[in-house]
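Undergrad: With the hints as constraints, model all of the structure from the sequences given.
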Amino acid sequence: MVTSAALALEPATSIGYVMKVQGEATVSIAGTTQSATIGTPLYVGSVVKTGPAGSMGVTLKDNTVMSFGPNSELTLDEFLFDPAQDDLKLTAKITHGTLDYISGTIAKLKPEAVQINTPTGTIGVRGTHFLVKVD
Numbered sequence: 000m001v002t003s004a005a006l007a008l009e010p011a012t013s014i015g016y017v018m019k020v021q022g023e024a025t026v027s028i029a030g031t032t033q034s035a036t037i038g039t040p041l042y043v044g045s046v047v048k049t050g051p052a053g054s055m056g057v058t059l060k061d062n063t064v065m066s067f068g069p070n071s072e073l074t075l076d077e078f079l080f081d082p083a084q085d086d087l088k089l090t091a092k093i094t095h096g097t098l099d100y101i102s103g104t105i106a107k108l109k110p111e112a113v114q115i116n117t118p119t120g121t122i123g124v125r126g127t128h129f130l131v132k133v134d
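Numbered by numbering that gives the first Met the number 0, the letters in the sequence shown go through residues 0 to 134 in order.
These aren't lab readings, by the way, just hints derived from the structure by calculation.
A couple of the hints might just be wrong.
What the hints assert, rightly or not - Derived SDA-like pairs (lysine to any residue); straight-line CA-CA distance at most 25 Å: (1) K60 / S27; (2) K19 / P69; (3) K19 / V133; (4) K132 / D81; (5) K132 / D76; (6) K19 / T32; (7) K60 / A29; (8) K88 / G30.
On a predicted model such as this, the values are computed, not experimentally measured, just so you know.
TA: Below is the structure:
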């Protein structure tokens, strides 16, 4: 039997990494914010944010690629990637800024499992590439 204390000590598994950064960009998880650099790991619950002249590109474990323009903020709410078990899900929320999205394996195997939420609606991914801007 595994105790909840032992579970709390297990490190979370990263779901992706920062692959490109220009200008001011940060990654926050559980209230801790750090400057984004190439190789910064991303986890479920991570918030990626860019400043007024910042941009950032991230790649998730299923090869989903997301690029953010200036003044962008996105939270990675859910990520399940176990194709052998048909456990596939990607949910994220962009509150402002721009997102250029290129589908990875999750969207190719199970398009209905990918959702990008905005303040005014939800984007259901049925293709492989889109751009969204939230003011």
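Undergrad: Taking the hints in turn, state whether each one holds.
TA: Status of each hint after checking the structure:
| no. | hint | result |
| --- | --- | --- |
| 1 | K60 / S27 | holds, 19 Å |
| 2 | K19 / P69 | holds, 14 Å |
| 3 | K19 / V133 | holds, 21 Å |
| 4 | K132 / D81 | violated, 30 Å |
| 5 | K132 / D76 | holds, 19 Å |
| 6 | K19 / T32 | holds, 18 Å |
| 7 | K60 / A29 | holds, 21 Å |
| 8 | K88 / G30 | holds, 24 Å |
When the structure is compared with the earlier hints, a violation turns up for hint 4 alone.
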